[in-house]
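Using the sequences and the accompanying hints, generate a full structural model.
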Amino acid sequence: MAMLSIRQISKRFGAHNALRDASLDLGSGEFFSILGPSGCGKSTLLRILGGFEAPDSGSICLDGKDITRLLPSERPTNMVFQRYALFPHLSVAENVGFSLSLQKKVTASDRRRRIDEALALVAMDGLGERSVQSLSGGQQQRVALARAIICRPRVLLLDEPLSALDLQLRLRMQVELRALQRRLGMTFVFVTHDQGEALSMSDRMAVINGGHIEQVGTPSALYDRPATDFVASFLGTMNRVPVQFHAPCEHSANHVWVELTGGQRLRARWSEGTTMPPSGALVSMLVRPEKMGIREDCHGSTPRMTEAGDELTLSCRVADMAFHGATTQITGQLHDVDISVTATHLNRDGLPVGLGQGSRVRLVVKTEHILIAPDNARN
Amino acid sequence: MGRSSRIFLVPLVTWLGLFLVGPLLMVAVYSFLERGPYGDVIWQPTLANYTRALDPLYLRIYSKSLVLATSTTAVCAVLGLPLAYTIATAPKRWQPGLLGLLMVPFLTNFVVRVYAIRLILAAEGPINLGLLSLGLITEPIMMTDSTMAVALGMVTNYLPFMVLPIYVVFEKFDFAMIEAAKDLGAKGWPVFSRVILPLAKPGLLSGLSLVFVPVLGEYMIPDLLGGAKTLMLGGLITEQFLRVRDWPFGSALAMILVTAMMFVMWLQHRYRGIEARRGDGGRIGYSRT
Chain Z
1 MAMLSIRQIS KRFGAHNALR DASLDLGSGE FFSILGPSGC GKSTLLRILG GFEAPDSGSI
61 CLDGKDITRL LPSERPTNMV FQRYALFPHL SVAENVGFSL SLQKKVTASD RRRRIDEALA
121 LVAMDGLGER SVQSLSGGQQ QRVALARAII CRPRVLLLDE PLSALDLQLR LRMQVELRAL
181 QRRLGMTFVF VTHDQGEALS MSDRMAVING GHIEQVGTPS ALYDRPATDF VASFLGTMNR
241 VPVQFHAPCE HSANHVWVEL TGGQRLRARW SEGTTMPPSG ALVSMLVRPE KMGIREDCHG
301 STPRMTEAGD ELTLSCRVAD MAFHGATTQI TGQLHDVDIS VTATHLNRDG LPVGLGQGSR
361 VRLVVKTEHI LIAPDNARN
Chain C
1 MGRSSRIFLV PLVTWLGLFL VGPLLMVAVY SFLERGPYGD VIWQPTLANY TRALDPLYLR
61 IYSKSLVLAT STTAVCAVLG LPLAYTIATA PKRWQPGLLG LLMVPFLTNF VVRVYAIRLI
121 LAAEGPINLG LLSLGLITEP IMMTDSTMAV ALGMVTNYLP FMVLPIYVVF EKFDFAMIEA
181 AKDLGAKGWP VFSRVILPLA KPGLLSGLSL VFVPVLGEYM IPDLLGGAKT LMLGGLITEQ
241 FLRVRDWPFG SALAMILVTA MMFVMWLQHR YRGIEARRGD GGRIGYSRT
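Residue numbers (the working numbering), protein chains in the order written: chain Z, 1 to 379; chain C, 1 to 289.
Hints in this document: simulated from the structure, not taken from any laboratory.
Treat the hints with caution; some may be incorrect.
Said to hold, decoys possible - Derived pair list, reagent style PhoX-like, types lysine-lysine, alpha-carbon separation capped at 25 Å: (1) Z:Lys-366 / Z:Lys-291; (2) Z:Lys-105 / C:Lys-187; (3) Z:Lys-65 / C:Lys-92; (4) C:Lys-92 / C:Lys-172; (5) Z:Lys-104 / C:Lys-187.
What the hints assert, rightly or not - Label-pair distances were calculated between CB atoms; the ranges are: (6) Z:Leu-169 / C:Leu-267: 40 to 46 Å; (7) C:Gly-130 / Z:Ser-134: 57 to 63 Å; (8) Z:Lys-105 / C:Gly-125: 53 to 59 Å; (9) C:Trp-94 / Z:Ser-134: 35 to 41 Å; (10) Z:Leu-169 / C:Glu-171: 27 to 33 Å.
Just so you know, even glycine gets a beta-carbon here, dropped at the ideal spot from N, CA and C.
The structure is reproduced here in structure tokens:
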């Protein structure tokens, strides 16, 4: 059974629908990220979990107990605020021990010991007497973290905690945060708008758009098999090639037939949660740059499919080639549809000999890596 | 500040020197002189004015003034803190309007404003008429010419001086701190006593002295609302200068008042100094004097 279960939470702010029927199940000890663009409702969801906002409808259960109506002070959750919200009139140790100092039964010596322990966990040993204003951004972040975990909450809520840090520090804190979470075995709910952060840190993640949860899963599942156009475009980069919608696939749900130029038919996954257009309408074929193999050109008509229908070959003229060290990226003009695509190739081994600007190459894609989505204004 | 920019201070320093320090020195000197038979001064050094100021008759007036100033300040603090907090937490677009409402009284003349309170409290005023018509009382309550009326007038007039400096602190306040306190288990009173109050302290201290110091010397409000029975220190000094024409004694009383006010300001300054050395309050950006 899920430790934290969020059931059909909705929240409106005036005319703005911040959350629509959001449901999630979180396991114990999970590092769960909520990813989305600003204003998508991810912070609202976190604030509802912390008890700072009441949902209009829906419920939250923690360890089988309904906590929807509990005050923040009564919930076994703690929050790391975006700008830390440290108390400037208190020392580092007083900040960290704030929650303990409210509990009459915790003795002074016990409190001191637990403060030291919490500070050690975030590598801030011996800095307890400092004033929080004398600390750097990264140190303040650690104090906020120590303050939130000292009472060992069942769930730690983190509201874009790394967004105020510079890149170097952010990368280091990502690693440390993940290590801390593993060490404590605590459930972390991490809200971020940074896809890299969510992909690299999470056990599982949810992508939210416009108050709606688009997809939930492991980072690799979301990246490799995005369910919707939004998830596909928000995580990493995507090539978009216009194709014609033909018909839904009669054998498997979520799959459709599309027609490429030259009458070549292709069967691929359809973006979930969107209505299918009439036959003949223009839709987009979405492919990740690194899923496109770059091969030497050979004769034969393109686009074409393999016998089994599991691989698509496109023909392309290289417009630009950029060497990035570990990867090589080519930008090219598709032969048949006059649209520019990028393909990323790991290492240089296997790249066609003499590849350069103006070369003609074949791009090979497995159909399982193709997503068909409605043609929207995103391209 | 550079040497050349100091030149811009010359007008101000001249102004203050001529119209503030000069008269103050004059009062200081007068307080050690004797009163002439026709209200003039005799240039004869004496301490008699100060020994006379220690007469129990006057000590009673001082203590009454102190009690009034202290209670007015306390009431202003109790009312002003939540008011400032409410304004600061109101939607941003309402805040200028709410602050404007706070300033509305200053658009009318001070005497008119105080007199209006007298009319409201009067025997034939709306309060008494209302209570009479409801049958709650059978004869008007005498509310004017009392210490209560004076305190009411003081609070009404000086509340903005308490609210504004506290508002300035709350305006820069990160209200996520209150959520953090609640998140960490604080409910009700601890949120106020452990987070809001300590952080509002710089503004509160400013407000306390901004109210206490002028209220201690206030003479118009006690005169208009307190009647003859309620003589305060400010009124006593005014009386010496304008009616009794005992300038040396009035000067001595004024010097005592000035000393008391400076003592209060010194206390406040010293307290802030201690707080500042503890490295407190800088983040909320309140500038210390």
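Which of the numbered hints above does this structure break?
3
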